[in-house]
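A.B. asks: Residues per chain are reported as follows:
Number of protein chains: 4
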Amino acid sequence: MLEQLKAEVLEANLKLYRKGLIVYTWGNASGIDRDKELVIIKPSGVPYEELKAEHLVVVDLDGKLVEGDYSPSSDTPTHLVLYKAFPKACGIAHSHSLYATIWAQAKRAIPPLGTTHADYFHGEIPLTRPLTPEEINRGYEVETGNVIAETFSRLDPEAIPGVLVYSHGPFTWGKSASQAVENMIVLEEVARMAWGTLMLNPDSGPMAAELLDKHFFRKHGADSYYGQKK
Amino acid sequence: MLEQLKAEVLEANLKLYRKGLIVYTWGNASGIDRDKELVIIKPSGVPYEELKAEHLVVVDLDGKLVEGDYSPSSDTPTHLVLYKAFPKACGIAHSHSLYATIWAQAKRAIPPLGTTHADYFHGEIPLTRPLTPEEINRGYEVETGNVIAETFSRLDPEAIPGVLVYSHGPFTWGKSASQAVENMIVLEEVARMAWGTLMLNPDSGPMAAELLDKHFFRKHGADSYYGQKK
Amino acid sequence: MLEQLKAEVLEANLKLYRKGLIVYTWGNASGIDRDKELVIIKPSGVPYEELKAEHLVVVDLDGKLVEGDYSPSSDTPTHLVLYKAFPKACGIAHSHSLYATIWAQAKRAIPPLGTTHADYFHGEIPLTRPLTPEEINRGYEVETGNVIAETFSRLDPEAIPGVLVYSHGPFTWGKSASQAVENMIVLEEVARMAWGTLMLNPDSGPMAAELLDKHFFRKHGADSYYGQKK
Amino acid sequence: MLEQLKAEVLEANLKLYRKGLIVYTWGNASGIDRDKELVIIKPSGVPYEELKAEHLVVVDLDGKLVEGDYSPSSDTPTHLVLYKAFPKACGIAHSHSLYATIWAQAKRAIPPLGTTHADYFHGEIPLTRPLTPEEINRGYEVETGNVIAETFSRLDPEAIPGVLVYSHGPFTWGKSASQAVENMIVLEEVARMAWGTLMLNPDSGPMAAELLDKHFFRKHGADSYYGQKK
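Chains as they are written, first to last, in the numbering used here: chain A, 1 to 230; chain B, 1 to 230; chain C, 1 to 230; chain D, 1 to 230.
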């Protein structure tokens, strides 16, 4: 079932790996069919070198297995919370990519320092609050989803399509699994640039608000003019 | 038309990508035929993996489309201002390469710290002033060109063939699209070396003026003796 | 003899090299047959590009040559001490991988700063004390093994499968040569992340104990639920 | 003439390039036939992608062209001074490799911080004094050789087979062009490790003298025991 979505989710997972954002099995990508309310996600702990479409797992939004011979990613409950919290997200990615994880471990949000950031993220990339010991023990993966949703209670997930989970690493999302992965690749690059910038000039403040707006809106929304007309 | 220049501009664009200076579509290279006053530039938002000569766009110095089925790079107005301001430049490149962008985001010019820098840039690689909100909203890409030209009002663009745009990234130029790209590759390497140098020794001042002159003029100008005699 | 173990030890050595953790011949991996009490290890100074199964050396736990035309790695005495001190370890790896060596040279243990660390190491990755001049001159490689064993006198080598040797570099171990190498690859990645984290935020303390436990025990031990059921 | 030496010098030059130590034409390697007192060196400014044995240049120790259709490297006078000053050196290499150049630009010698350094360099890798303006203008490349020789007036070039030239970059040497290049590759790796070490712990002092001796002499000299017996 859902063979086209499976092909896209497989390709999104493999792209994370080929771009060097994944070491061993530390990451995953998923996609949702919003009509059928079914999610396709990577199986847990299967090496990327061997990953094929038939390994992918189909679950419903309650996490019930619908199709597949494998256990789904241990992070599946996090993905499901996010699909419920962000109705326009149709793809989600997670990784332990180097620089995004460094920011998460340093317990700092990534400030918008330049136009590369502004082309994709309309403001700082936020950091979740730490989970409480109770949350960790009660239902770690669900609570990881909840704390991301809480972080976005006053943010627009379409304008800021990614987050850093405290002491952990990044999650990103988008209109498809493929776009979620693109946002992950960009988040890693932006995290690396911001890291190097603050090393060179710790007092380098955020970019001007007008420049942030200009770059974000020349690529996104009704008045965008970047790229080819459709 | 201009098939030879197109081939060169295509190759210059692809070289930026193959050398790892471009992520996604973040950059572009152009070339000008000074006799015909026609500029060939990369189309906006076309993936580098698919870029072919027939995608390139020909515009005149007013930005009027002369040939091509695609919209030109959104940075085309910046290129056009620079071709008018720097009459000897016949190629221009732009990227968000990692270390050059780090310096631009850190809001610092790159001081000449060693002979690698001096072989290509006869002095510090300058940083533009920030654009005003009015400039950003009035004509962002044209004003980006204007602020670069303003930066070079007292500098020689042949002796310093590159610049960092504040909170944005590098532009370089040269006698051809190919040389503009070579200067971009070198600027990135020099930016990386200078970054690492100041991390290790923040008080490392600029190199001696005599050494800067020696290295620049052994490669450039009438008394140069580097390379093979023509 | 022991052809299957040889094949595994060869593959483990080559993986270290292919993953970029080895420059020239700076590293080695070994495996032990616990029933026969025989160790298979890389020969000393043989280039990785040329390494084949027939170059591998078989020694007993006293270091006596049992099979092979080559001298064993000069670090063989260290491996033998560790096989005696850690009865559950059936594979050992050593390298001068960049970031793990940086921590060893900086004379600092690697604190657990995030879930990537916690997935493999249940606590800080320790640093040995420096060897005394007497130890260095008396039997350098044996004493290197002894000081690692001493470091683990109050630590569980299964929960912390790696160590940094003071002013030198990392050793790792596991249930097989292959797992020792996996732990080496992970140690390098964790060392790199921790390095970048402390650069960005020197005051970034260790992760919460509950999060450390959660991630370690979801992958290890009786209640683990990561990966596929066997 | 000297076809075997030419083949070795070509291979040494190409290895520098393939290992990523050379950008464009920023570096060179040479070898000497001590009986004939003839030096083979890379031509100036010829791209590495196109370099072939027939491009190499043969000069005598006075710099007189003996064979070749190309101008020799502009750094040839530096090589010749070093061949005269270091009678046991039969190969020399120069590069602008990233981390070695960073140390040269930061105007700091590289202290021995760990066993990787000690395996190849028996003490700190020194930094030359700056050239005076007079020296730069009088005979820049010859004086670069002289200031290296001066730096080694109280050092053993066999025990420390490399140097950092102030505000410039590294030179290395060895018993052959091939060994000079190996020392260059190691110097770059050691420079990178030392850079990262001092970033993490600026107070990390040099390694213990006994450990430095142990590692250097287990690989070099009469009592060495690393590698295979000849």
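Hints are supplied without guarantee of correctness; some may be wrong.
[Said to hold, decoys possible] Computed cross-link-like contacts, PhoX-like style, restricted to lysine-lysine with a CA-CA straight-line distance of at most 25 angstroms:
| no. | chain 1 | residue 1 | chain 2 | residue 2 |
| --- | --- | --- | --- | --- |
| 1 | D | K19 | C | K15 |
| 2 | D | K52 | B | K229 |
| 3 | A | K84 | A | K229 |
Just so you know, these hints were derived from the structure itself, not from any lab.
A.B. asks: Determine for every hint whether it applies to the structure shown.
C.D. replies: Verification of the hints:
Our distance criterion of 25 angstroms between C-alpha atoms is met by K19/D and K15/C, whose separation comes to about 19 angstroms. With a CA separation close to 19 angstroms, the supplied pair K52/D and K229/B stays within the 25 angstroms bound. With a C-alpha separation of about 32 angstroms, the suggested pair K84/A and K229/A falls outside the 25 angstroms cut-off, and the hint is violated.
Checked against the numbered hints above, the structure breaks only hint 3 and satisfies the rest.
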